[in-house]
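Visitor: The residues making up each chain are set out below.
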Amino acid sequence: AQSVTQLDSQVPVFEEAPVELRCNYSSSVSVYLFWYVQYPNQGLQLLLKYLSGSTLVESINGFEAEFNKSQTSFHLRKPSVHISDTAEYFCAVTDGTDMRFGAGTRLTVKP
Amino acid sequence: DGGITQSPKYLFRKEGQNVTLSCEQNLNHDAMYWYRQDPGQGLRLIYYSQIVNDFQKGDIAEGYSVSREKKESFPLTVTSAQKNPTAFYLCASSIGGAGELFFGEGSRLTVL
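As given, the protein sequences belong to chains B and D, one line each in that order. At position 77 of the first sequence the residue is numbered 77 (the numbering used here), and the sequence of numbers has no breaks. Plus 1000 on top of the position in the second sequence (first one is 1) and you've got the numbering used here.
Looking at chain B on its own, in the form it has when it is part of the complex (with noise of 0.2 Å):
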């Protein structure tokens, strides 16, 4: 079965700074890969996804993420972050049967 491993549970950055929140996987066939978000006390939100084709990913409010087979990653970027961003954030990858989520990140943007 596939898995995930986040590496950073917390990562606070200043308003206007750039952001990285690291994810790995593991998967012996073929996976898709997806970044969540979630707001307290509130489901799961998709941020972004990677299926097939380009290996940079972007969502409508700033984010992308760069699918690297080679380095089995899928890590999340922003150049930019608002005090909106703050959240928590969880990448998840499928075999195309069950989903599996990383233990997430949970990312506070200080003023």
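Accuracy of the hints is not assured; some may be wrong.
Dumping the calculated EDC-like pairs for lysine to aspartate or glutamate here, alpha-carbon to alpha-carbon at most 20 Å [unchecked claim]:
id, chain 1, residue 1, chain 2, residue 2
1, B, LYS49, D, GLU1072
2, D, LYS1057, B, ASP98
3, D, LYS1071, B, ASP98
4, D, LYS1057, B, GLU20
Looking from chain B toward chain D, a few residues come up when the C-beta cut is under 10 Å (computed) [stated by the list, open to error]:
id, residue
5, GLN6
6, LEU7
7, ASN41
8, GLN42
9, GLN45
10, THR94
11, PHE101
12, GLY104
FYI, nobody ran anything at the bench for these hints, they're computed from the structure. Yeah, the Cβ is synthetic: ideal placement off N, Cα and C, and Gly gets one too.
Starting from the known structure of chain B, fit chain D onto it as the hints suggest.
Guide: Chain D alone, transformed into the frame defined by chain B:
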């Protein structure tokens, strides 16, 4: 509006009681999932179902049971055999395969 509805949002129960959490979707999705969320542990898969009348155990199925009698519904029962049931429970659905998951708002169960 299409979406996933979980109920109740908050639930308190005494130790030893079975509890059933409801999950309904009107997205016409084939696949449905139950996850448990604990602080610092992310989401752990309890059960999933790819089609009506069929479901598979996830990583932490012990002490839980599910049914999938209708496409729209995937209720989760937390039984008295679950040793530490206090958690946030999330239901999700997808079209299946590589489809993204759509989540409900969650149910927070507290066992007193």
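Visitor: State for each hint whether it applies.
Guide: Comparing the hints with the structure gives:
1. The hinted pair formed by LYS49(B) and GLU1072(D) fails the criterion: a straight-line CA distance of about 25 Å is larger than 20 Å.
2. The suggested pairing of LYS1057(D) with ASP98(B) holds, with an alpha-carbon distance near 10 Å, which does not exceed 20 Å.
3. Of the supplied pair hints, the one linking LYS1071(D) and ASP98(B) holds, its CA atoms being roughly 17 Å apart against a limit of 20 Å.
4. Among the hinted pairs, LYS1057(D) with GLU20(B) is inconsistent with the structure: their alpha-carbon atoms are about 34 Å apart, more than 20 Å.
5. For GLN6(B), the suggested interface contact is upheld, since its CB lies about 8 Å from the closest CB of chain D, less than 10 Å.
6. Because the smallest distance between the Cβ of LEU7(B) and any Cβ of chain D comes to about 13 Å, over 10 Å, the interface hint for this residue is violated.
7. Using the Cβ-Cβ criterion of 10 Å, the hint placing ASN41(B) at the interface with chain D is satisfied: the shortest such distance is roughly 7 Å.
8. Interface restraint check for GLN42(B): the shortest CB-CB distance to chain D comes to about 6 Å, inside 10 Å, so the restraint holds.
9. The closest approach between the C-beta of GLN45(B) and any C-beta of chain D is roughly 7 Å, which is under the 10 Å cut-off, so the hint is satisfied.
10. Because the smallest distance between the Cβ of THR94(B) and any Cβ of chain D comes to about 6 Å, under 10 Å, the interface hint for this residue holds.
11. With a cut of 10 Å, the hint placing PHE101(B) at the interface with chain D holds, because the nearest CB-to-CB distance is about 4 Å.
12. A hinted interface residue such as GLY104(B) counts as satisfied when its beta carbon comes closer than 10 Å to some beta carbon of chain D; here the least separation is about 5 Å, so the hint holds.
Checked against the numbered hints given earlier, this structure breaks hints 1, 4 and 6; the rest are met.
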